[in-house]
Each structure stands twice: as C-alpha cells, then as structure tokens.
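Keeping the supplied structure of chain C fixed, place chain Z upon it in accordance with the hints.
Chains as they are written, first to last, in our numbering: chain C, 1 to 443; chain Z, 444 to 823.
None of these hints come from the bench; they were simulated from the model.
A hint or two may mislead.
Said to hold, decoys possible - Take a look, some chain Z residues computed to stay more than 10 Å from chain C by CB distance: (1) 639; (2) 704; (3) 724; (4) 747.
To be verified - If we take Cβ atoms under 8 Å as the criterion, some of the chain C residues that face chain Z in the derived model are: (5) 6; (6) 78; (7) 85; (8) 96; (9) 100; (10) 114; (11) 303; (12) 307.
The beta carbon of each residue, even a glycine, is placed where N, CA and C say it ideally should be.
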Amino acid sequence: MNYPIWIVPGIGGPWVIGIIAIIHIFLSHFAVGGGAFLALIEWIAYKRNDERIYTYVKSHSRFFILVTTVAGAATGVAIWFSISLVSPDGTGSLIQSFTLAWALEYLFFVAELATAFAYYYSWDKISKEKHLLLAKWYFFMSVMTLAVINGILTFMLTPGKWLDSHYWLHGVLNETYLPSLFIRLFIMFAIAGMYGLVTATRIKDEDLRVYLVKFCSKWLLPVFFLGPIVTLWYLSQVPQVTLETVFTGIQSSGVGNFSVLARALYLSLVLSGTVLLFAFFGPYLNPKGFTFKIALLFMACGLATTGTTEWMREMLRKPYVVYGYMYSNGIRKSQVEKLRQDGFLTDAKWANVNTDPTSSKQCGEKLFQYQCMACHTVDGYRSIKKLIGDRDQESIVSFLKMMDPKNDENPYKGIMPPFAGNEAETKMLAEYLASLKPKDTTQ
Amino acid sequence: MDLTHIIPSYQPLPLPAPLWLLNVLLVLGFYLHVLPMNIVLGGTLMAAAMFLKAGPKPDSPMYRSARELAQTLPVFVSFTITQGIVPLLFLQLLYGPLFYTSSILMAGCWIGIIVLLIVAYYGCYFVIYKLFNDDSQKENGLAIAATLFVSFCLFLLIGFIISSNMHLMLHPEKWAEMYKHSPNGLNFFLGDKQQIPRFLHFFFSSIAMTGLFIGFLGTRKKERDPEQADWMIKKGSLVYSIVSTLQIAIGFHFLFSLPQEIREQFMSGNSLMSYVFISSIALAVISIILGFSASNSGSVKFLKSTMHTAFLVVLTMVISRHFLRSAMAAPFVQPEKLSVEPQWDLLGIFVLSAVGLIVYLVWLVKTVTHNNPTQSHSNS
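One chain only, chain C, in its complex shape (with noise of 0.2 Å):
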C-alpha cells in the first residue's frame, strides 16, 4: 500500500528473489567454506613441504577469487536490489532495525575481501608461514560475516523476543541462529568439497589427483552425519503453527493434497540423498573414475539441492516476511484489525495511484496486487487463475472470509496472510478473481 508494486510477469516477483538468491548462496557459501578448504589444504602441503599440493592451491585460489570476489559479491548486491524493490516495506523494517549490524557486516566483509586479494596476491611473495596465516584469517572474517548476516536471516522466522523489545540483540540472537548457523556451516563446507572437485580433476598427476578427490569428497561428511540432527534442533525452534502444516501437509500426500511445504520437504531430502549417494560412489569409492564432467554435474546438483532447501527454508515463513510482525505483503499484523474496520484502500498511497475509484474491478485488480501478489501471480507462477478455478463471485467471497485472522478453523492460517480489507473489498476482490475466470464460450 505504501509503495508501487513491480508486477513481474510469469514468475512473479518473489521468483526474481529466488533465482539471485540461490545462485548468490552457492557462491557465497563457497566464500566461507572454501576459506578452510583452501586454509586447510595449504596446511597439508606446508606440512608435507609437497611442492605438487601448493601448485594446486595456487591454480584452486584464482578459481576461488573469480568465483567468489566478482559472481558472489556482485550476487550478494542484486539481493539488496531484488529485495527492495519486490518487498520494500519488508526490507525497510530490516534496515531500520539492524542498520549497525549490516553495517557491521560490511565491516568484516572488507577484511574478508582485502585478505582473499592479499592472499592470492602474495603467493611466491611472503614466507610459507605468513601466507598460511592468511588463509587461516580469511576464513575467521568469512566466518563472521557469516555470524552477522545469519542474525538478521534467522531473525525473520523467529524474530522472539524482539517482537515486545524490539532490541536488536534479541532479534538476532533468536532461537534458530545456532542451528542454522552450525548447518550453514557444514553446508559450506561441502559446498567448499564440490567447488574443489572441479578444479582437483583437472589435474594431470594421477596420485596427486586422486588423492585430493577423494579429499574433496570428505568435505561432504559433516553435512551428512551431523546435518541431521542441527535440522531437526533447527526445526524444534520453528513457529509450532508453521510444523503443523508441514505435516499436514505429509500426512495428506497419500491422497495427492499435500501442501508445498511437504513438496519442498520431500524434494531436498531427495536432492540431498541424491548428493550423499552421488559422493559415496563417486569421489569418494572411486576417485580415479571421478572426472571433470561428472564433477560439472555433481555441481549442478548440489546447486539444484542448496535452492530447494532454501527454498523450504523460506516456505517455513509463510505468510510472513518477519514472523508475527509484518505478512509477505507487507501488511504489519497489528495493521490488520484496523484495515479491515476501516478498509485497505482509504490510506493506501500507491494502491490509489492511476485507479478509478468508483471501478470496483480495478479497485478489486489492486486489492490482489496488493494482499496477493507477494506470492501469486495472474497466471503464471502460482497462477490465481488456476486457482480460482470455476469458483464464483460468492464462493470466492466465503473464501475471503473464511481467512478471518480470528478463525481458528482457517486451515490456510500457517501460509496464508488473512484479507486485510473491509467488507465492501472483498466483494471487490471477489469480482476482480471472478472476472479471470475464462468465459463459458458454449452458450
């Protein structure tokens, strides 16, 4: 209502989020993973004074650089972008609450960047032991722009205490940060092990060569046995209203009605099964056999893998983009009583730019760009049209208001924002969803 809504069409603005922001986390986790991959490995070969192993983290370092200070720093600013300008009332609480510790961030981000170039930089240049110390302090400052951004990330699903406080440190020392801090860590950490695999089969030496897969692939280990069981202390700290329609959700499958968040669910555990089976077999059983282009493919994997668990990271939100406080339209929960008193569009600045008032269809196209567009679009991602089905002006209205927030019968509660509007616009809306519905051509 505040601002103008950027209408994307197909996959909808969310989905714009989504495709930077899974590409941004494959990079940016290799920045802090790969930190102790390249850390660790140095100190393999510092140790074994294996002059083959340095040659390898030499040529591993410039992929590391190209990847990780243009692709992923660059990734990391179109979110900012992709952000505010998709949820800008979302990303504008985000700053003016936690404005120092993005600030702070930035602060640990310049070191993080100043010591990769200085690192790669100085090979050849500085002794073995001052080098090797340059790793050793990349990875801490990666590792705490991790310890910041993870903050403000986890603070949107459990924003805890601050939601009275509005203390920052309550926001971000909530409940999931240390679970999801641990299996973020152990994430890149694997994410480090397939990163180095593309560059480990590229080499010409056999032993060395099948030595350091075989290397790559323990990379994948913690991730395995230890992610787990962080998931299930992570998912013990999610809203209880957000689990009960994750298993809902499972507990409907059998009949074809499960919810997406059970879909999501579903399709990264496979993902990840799929990953362990795929390191198990390959690099790791079979280092001499693992090449480049299998290492491409696992890759694209682990890729496909990291989307969809963020992706359900971020089904888990639903309907909010601060958990409790503000929905994924924008709309702050304590606004909702009054909006649907007063209605939605009497205050709305932008909702009111270029629409006829007295058209109840446009005031009603507005209405759903404005409560529904967050996550559905006409009839492409999430298609309303598709939806609406053959459903009526009237039963559309009973739907409306059955997500009264008041209605503790509302089975779409944990995913759903309640219809922030007064009775006359949802009769609106209801007309404006009816009218998509295609025309009965056979009369």
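Relative to chain C, chain Z alone:
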C-alpha cells in the same frame, strides 16, 4: 503540486543512531565508494585508449603504463562494490521512501546493473588472464583495448543508471505517469536538466583521478625505473590538471542547472553548505596548479601533494552533493522528524570493530609488502 499522497511512509521504527552520525556515515561511505569507482571508470577507458594509442610497441612507456593500470582494475572493481554497501545501506535508511519508489519504477534497468557489472568485471579479468602474456611482445594490444573498452561502456552504463535513479528519487512529480507507462519497471528517467552536466562532472572526475593514479603508480618505481616513473608522473598529473580545468566549466554548468533557491544556498557565502562548496572550488584550483607543477617537474612531492588535495576536493564535492540531495528531498521526506533510539551497545561494537579493521588492514599491508625472500615459495 501536493505529492504527499504518493510519498511512502517510513517504517514505524526508530533510527538506530543520531541523525548527524548516520549522515556522516552516508557521506563517508559514499566517499570511500567514489574513490575506487573513479579508477574503475576512468581506468578502463584510459587503459583502452593507451593500448590503442601505443600500438604494437610493448616497450613504450604508454603501453607499459596501460598494462600496469589494467592489472590493478579488478581490485578496484571489487572495492567499489564493497564500499557501495555503506552508502546504499544509509541511503535506504534515510531516504528509503524516495529511493525504493524510484528503484521500483525503473526496476528493469536497476536489476540489470548486476548483469552488466558481472560481464564488465569478468572483462577486466579476461584481459589479465587471457590476453596478457608473460612475453608482452606476443600480446594483441587491439584485442586488449577492445575488451577494456567494452568493460568501460558497461561501467559507464551502470553509472548512468545509478545517476538516473538518484535523480528520479528526487522527482516524485514524474512517478505516477511513469508507473502508468510501465508497472513492470521498464522505465528510464532522462527528464532532468541537471542530469547530463552532473553525470559529465562525475565522468570527467574519473578521468582526472585515474590520471593521478597513473602518476602514483609511477612514484612507486622512481628508483627501479626512473625513466618510466618520470613519464607516468608527468603524463598522469597533466591529465589530471587539464581535465580538472575542464571540470570547473562543467561544474559551473551543473551549478546553473540547479533550481535557483538551491544555487543561491551554495553561493550565499553564509552557510556551511556554501563554505564547503567554496572550499571545494579553492581546493580544486590549488590541486590543478600543483598538478601542472608535477607535470612540469616530474616531482614525486608535487604529485603526492596534488593527490592529497584532490582527495580533499572529492570529499568536499561529496559533502556538497549530500547537501544538494538533502535540500531537494526536504519537501518530500524529513528524516530529522523520525524518532531516534540509539543502539549504543551495537554502535560501540561497530566503532571498536572499525578500529580493529584499520589495525588489521595496516598489519595486512605490512605483511604482504614485507618480503622475506629466504623463506618464500619461489626459493623453497
């Protein structure tokens, strides 16, 4: 025209620090962004031009300077991006209602910046890792110049999009019409007579600062390669002084494109805004004279004095830019009216970390510049 009905509200949350401090951080952050940005924009163009002009003469001072300049570009691109975080953060905090709206209106171009940036950035690395050769006789100067020029064009386009958004956020009277034209964010804003002179002012600043940077690279080889050093210092500072002289004319053109009441505030001579502005002109003139002296004598001392003065010129210009934005945004948003609840503990952590960062960076520079050949890899 009353536009309050389309100016979004701030979030009902307090500011985390006193406004003056947030403004200082915004200005300081932009200053630290604009310095490397100048080298990226000016560096890609000048390196391309120098490769082209030097032709197939890898031993010529021009070719060698261009090569050295091109080698440094990726680090500058990286720091331009990193340093961009700070002004972007504080801009969103203080001017979010204007900035978010204008970004949404031109969302297509705005998000497109990222693609342009990645391509341009990889272009700089492509030059270093694919087109440069250990034996510079084997290099294709034309291909290098062409690649750098493509990167330059992309960086220039990025700058123009950002500049356009920074203008659009101050023109809410254009918003409704643009949204009607395309709610998909396929708009571009060109309808402001300040935009072109302002953009040219930025663009030529990047050439001038890159000139100085070439001179600075020269000062580092004064003992090892005095002839090359001399060429770089003289030519670099000459570029700075000539372009900066031109900048004075462009700057005045920009000044006279501003609304009269704001122009008068700059020239009144009785406000902080005008003191800063007048200082920037005085400092610019001093730096130009110092630059010509460095260009005549090849003196490291003059070059460094020019550099230090130029840093002050850029700082005062950045402060003036902030005053200009505040004045133009004042009818629409008033950050000074927001409530403030300082997060002193987090601010303390931030300040301590900032000090820690400076200490760390000093240590880092010392570590990598203090050679220890007896233990280095190449000798092991």
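Hint numbers the structure violates, sorted upward?
-> Failing hints, ascending: 11, 12.
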